[in-house]
Amino acid sequence: MSARQYDLAIIGAGPAGMAAAHEARNLGLKVCVIDEQDGPGGQIYRDVEHVAMKRAHDLDVLGPDYKYGFGLVDGLRAAGVTHLKGHTVWQIEAAGTVWCSDGEKAKRIDARRILLATGAMERPVPVPGWTLPGVMTAGAAQILMKSAGMVPSGPIAICGSGPLLLLIADQLVRAGANIAVICETTTFGDYLRAAPKLPEAMRGFEYLQKGLAMRRRIKAAGVRIVGGISALRIDGSDRAEGVSFKSGGREHSVAASTVLLHQGVVPNTQASRQLRLDHLWHDTQHYWYPKTGAHGATTLENIFIAGDGAGVFGARAAEASGRLSALQIALSLGRIKEADFDLKAPPWQTELKHHRAVRPLLDALFPPPAEILNPPGDETIVCRCEEITAGDIRKAAGLGAPGPNQLKAFLRAGMGPCQGRMCGLTVTEILAAAHGKPPAAIGAYRIRPPMKPLSLAELADMDVTESEVG
Amino acid sequence: MLKRRHSDAAVVLILIDGVTVEARAGESAAAAVLAHDGGATRTTPVSGAPRAPYCMMGVCFECLMEIDGVANRQGCMVRVAEGMSIRRQQGARALERET
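Just so you know, the protein sequences line up as chains A and B, in that order.
Residues in the first sequence are numbered consecutively from 1, following my numbering.
Residues in the second sequence are numbered consecutively from 1, following my numbering.
Keep in mind that a hint or two might mislead.
As the list claims (entries may be wrong) - Short derived list, chain B residues pointing at chain A, Cβ under 7 Å:
#, residue
1, M1
2, L2
3, K3
4, V19
5, V46
6, G48
7, P50
8, M56
9, V59
10, C60
11, R79
12, R88
13, A92
To be verified - So the derived label-pair ranges between C-beta atoms look like this:
#, chain 1, residue 1, chain 2, residue 2, range
14, A, D461, B, L13, 27 to 33 Å
15, A, A231, B, S85, 39 to 45 Å
16, A, L212, B, A92, 45 to 51 Å
Derived by calculation from the structure, the hints in this document are not laboratory data.
Beta carbons are placed, not taken as given, at the ideal position from N, Cα and C, and that holds for glycine.
Looking at chain A on its own, in the form it has when it is part of the complex (with noise of 0.2 Å):
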């Protein structure tokens, strides 16, 4: 084994990640950060740095949210750490490596500590016709914002829920972007279950304030709006031509040639599945999260995880919870006292806590619709890497597959290059009414490097010493 070249290495450098490794290097720990894109943000502060400095008319369209991730990113800039952009991770052990790869050539880095701060993605929505080009995701539109200042051309159906929906809703509409119809699939129910959690969610009022503001600026756009849809699907045979849904007990058409799905996010488990770590199913929201103690720690002594990787509670919480695991770390490396610990964490513990406030109150206002969780019609693709629908599976269900990895012998469900990303929930949703048990009950795909697909040479290019791959 060589020696371990760094104290910590982070995976993924989006708020958890940045604000960790700011943490991580002023504690005096030597940090590498390893990250796929090309320029530190993650996905919620992407490019951010050009566009706080060279695109200003993307800036306005964007919001002072976003403009807030470049502070972190100059950080990070300012923090002096190794930091590997466009850098896949393949394959991660427990004892503190991390495998990764440039596009050209594999490599190796050693660590005593690994933090995942892998963040969230996108729920997979899957409706008739979430295949066809036209379709993406409304975090899809965003990041097109944000990295290319696109927007779609034509007029555009925006479906789903979350704050996030109407967050691009009101960026797209600032960009000048034709929006046909938004089309909500929170009902009065929700609202109902959500009133509960109403005083406790006071104490994140910004949120609530700028949720309310964003809905009045679409509405004062003159952007039709309507609630509580259900039965969406996407029209047309080659590519999306418009969204037809259900509400107030009348079926609705209308044009589109883009379409923008979003059911709330989900934590990216690809990293800790990998890792084999205990995972806990959210009642509310229907996604796995990792089992973590305090401040990220999980049952590996090495491995920590910050951010929405663990539970989704957004940036400024995750950047909270990335502060907090570095310090966590550096206590558990004995680079700091205990007592130095209980000095500096309390801050950033109510900073955590102020965030979080917010979250029971939109976990309950906006859940995942069951037609979208166990999708109703047999025709539905479900795997689209290998085109397995909804009726597929169910009858594989009935066959006697028990849970999704016995399923990939009955159908190759999961098994394209997505690795089960885009159905593994959507699996485990059908699966479990399918058999009557809960989903924690059903299980989640096994997840195996290489996480990423890796080509023969990328790996037979790898600069390794014999004693290493002894």
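Using the hints provided, position chain B relative to the given structure of chain A.
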């Protein structure tokens, strides 16, 4: 179909399926294809159905394209560069044989 709101970024000339196309510095290969014609970036190996980028953040793998001769690259994770050749992938990627 996607459009650029402003055109002040530097022009980068790339090839999409052999046709010279103007892209802009900083954008991804997937974004460049979406702005070019908004069509599919690949067809599926199973049924040959057209697919286009869905997530733009590296998790859906719908933007798999051949970039500078390397098949199965995630087009949303690669920024355009002068002279880059992008080919939409038809069905499963082909294995090349060197003789």
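Status of the hints after comparison with the structure:
At its closest, the beta carbon of M1(B) sits 5 Å from a beta carbon of chain A; the interface hint therefore holds under the 7 Å criterion. Taken as an interface hint, L2(B) checks out: its beta carbon lies about 4 Å from the nearest beta carbon of chain A, inside 7 Å. Hint status for K3(B): holds, given a least beta-carbon distance of 4 Å to chain A, under 7 Å. Because the closest C-beta pair between V19(B) and chain A is about 19 Å apart, greater than 7 Å, the hint is violated.
Interface hint at V46(B): satisfied, since its Cβ lies 4 Å from the closest Cβ of chain A, which is below the 7 Å cut-off. A cut of 7 Å between beta carbons decides the hint on G48(B): the least distance to chain A is about 10 Å, and the hint is violated. Interface restraint check for P50(B): the shortest CB-CB distance to chain A comes to about 5 Å, inside 7 Å, so the restraint holds. Checking M56(B) against chain A by beta carbon gives a least distance of about 4 Å; that is within 7 Å, so the hint holds.
This hint holds: V59(B) has a C-beta 5 Å from the nearest C-beta of chain A, less than the 7 Å allowed. A cut of 7 Å between beta carbons decides the hint on C60(B): the least distance to chain A is about 6 Å, and the hint holds. With a cut of 7 Å, the hint placing R79(B) at the interface with chain A holds, because the nearest CB-to-CB distance is about 6 Å. Checking R88(B) against chain A: minimum C-beta separation of about 11 Å lies over 7 Å; hint violated.
For A92(B), the interface hint is violated, since its Cβ never comes within 7 Å of a Cβ in chain A; the closest pair sits about 10 Å apart. In this structure, D461(A) and L13(B) meet the distance hint of 27 to 33 Å, their C-beta atoms being roughly 29 Å apart. Restraint check, A231(A) to S85(B): a C-beta distance of roughly 44 Å satisfies the suggested window 39 to 45 Å. Distance hint check: the CB atoms of L212(A) and A92(B) are about 49 Å apart, consistent with the given range 45 to 51 Å.
Hint compliance for this structure: hints 4, 6, 12, 13 are not met, and every other hint is.
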